[in-house]
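With the UniProt record's numbering applied, the sequence shown closes on residue 199, and no number is skipped along the way.
Calculated from the structure, these hints are not laboratory results. A few of these clues could be false.
To be verified - Derived EDC-like pairs (lysine to aspartate or glutamate); straight-line CA-CA distance at most 20 Å:
{"no.": "1", "residue 1": "K2", "residue 2": "E137"}
{"no.": "2", "residue 1": "K162", "residue 2": "E137"}
{"no.": "3", "residue 1": "K162", "residue 2": "E184"}
{"no.": "4", "residue 1": "K130", "residue 2": "D153"}
{"no.": "5", "residue 1": "K130", "residue 2": "D25"}
{"no.": "6", "residue 1": "K2", "residue 2": "D49"}
What the hints assert, rightly or not - Derived Cβ-Cβ restraints for the label pairs, each shown as a range:
{"no.": "7", "residue 1": "L102", "residue 2": "H176", "range": "16 to 24 Å"}
{"no.": "8", "residue 1": "L158", "residue 2": "P116", "range": "17 to 25 Å"}
{"no.": "9", "residue 1": "L46", "residue 2": "M17", "range": "41 to 49 Å"}
{"no.": "10", "residue 1": "E125", "residue 2": "M1", "range": "14 to 22 Å"}
{"no.": "11", "residue 1": "Q89", "residue 2": "D49", "range": "39 to 47 Å"}
{"no.": "12", "residue 1": "S45", "residue 2": "E96", "range": "41 to 49 Å"}
In this text, all values refer to a predicted model and were calculated from it rather than measured experimentally. Virtual Cβ for every residue (Gly too), placed ideally from N, Cα, C.
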Amino acid sequence: MKRLLLVRHGETEWNAMRRLQGQTDIALTAAGETQARALAPLVTSLGPDRAWTSTLSRAQQTAALLGHAGAEPISALREQALGDWEGRQIAEIRAEAPEAYLGWRAGTHTPPGAEPWADFRQRVEGALTKAFEASSETALVVCHGGVIRAALDVALGLRPSKIIPVGPASMTILAHTGREVRLEAFNLRGASVELHAPD
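Work out the full structure, taking the sequences as your base and the hints as a guide.
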């Protein structure tokens, strides 16, 4: 059986301000660094034999804090590009366009200038297939909340509207039995589970 450890990066300044990041390159806060360090023992205990990371600095910083500074950067693991919504506060978007926001969360609405969900999902599927195939047993992928939601859609058919927010510096585990993919864990944290984490 092969396992894929999907880790979302730790908190960033824009997460704390509840701003959508998309592919804007924002570094971790001190709290985000602490979150990543808290998850490190769990990652180490699972013994990943290969590690990949998004090319965005928040994911690369998290990988280093998990003890995988040499993780291979893969551009296909970047967050969904959010076009005109990048940098905007979630509350502002929800007030101006509540249906559009809910549609985006469900994968049915594309913000102006953004990457459509179907394209993003396909990009993530290609990257994760590569990770599964290249790993002998357990692969670590340090990425973004949207990437993890897309992975759950690809592997399990869970639409993004059915998934609670992916917490900062949390781990989701997918296992491939050879016949099917199973969800072994979701939103594992070094400390506590956060059900209302910022996007």
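Exercise for review: Please work out if K2 and E137 have their alpha carbons no farther apart than 20 Å.
Suggested key: 5 Å, holds
Practice item. Would you check the hint for K130 and D25, treating anything up to 20 Å between C-alpha atoms as holding? Key: This hinted pair is violated, its Cα atoms lying about 24 Å apart.
Review point. Taking 20 Å as the top limit, are the C-alpha atoms of K162 and E184 close enough?
Key: 17 Å, holds
Review point. Are L158 and P116 spaced within 17 to 25 Å by their CB atoms?
Key: At 19 Å between Cβs, range holds.
Review point. Between E125 and M1, is the Cβ distance one that fits in 14 to 22 Å?
Key: 20 Å, holds
Exercise for review: With a cut-off of 20 Å on the C-alpha distance, tell me whether K162 and E137 pass.
Suggested key: 29 Å, violated
Check your understanding: Holds or violated: K130 with D153, Cα cutoff 20 Å?
Key -> 17 Å, holds
Point to revise | Cβ distance range 16 to 24 Å for L102 and H176, holds or violated | key: 32 Å, violated
Check your understanding: Given the hint that K2 pairs with D49, does the C-alpha gap stay at or below 20 Å?
Key -> Distance ~11 Å between K2 and D49 Cα, so the pair holds.
Review point. Do the Cβ positions of L46 and M17 conform to the proposed distance bound of 41 to 49 Å?
Key: Since the Cβ atoms of L46 and M17 sit about 32 Å apart, the hinted range of 41 to 49 Å is violated.
Check your understanding: Per the hint of 41 to 49 Å, is the separation of the Cβ atoms of S45 and E96 within bounds?
Key -> Between S45 and E96, where Cβ atoms are some 45 Å apart, the hint holds.
**Study point:** Beta-carbon spacing of Q89 to D49 - inside the hinted bounds 39 to 47 Å or not
**Key:** At roughly 40 Å between Cβ atoms, D49 and Q89 fall inside 39 to 47 Å, so the hint holds.
When the structure is compared with the earlier hints, violations turn up for hints 2, 5, 7 and 9 and for no others.
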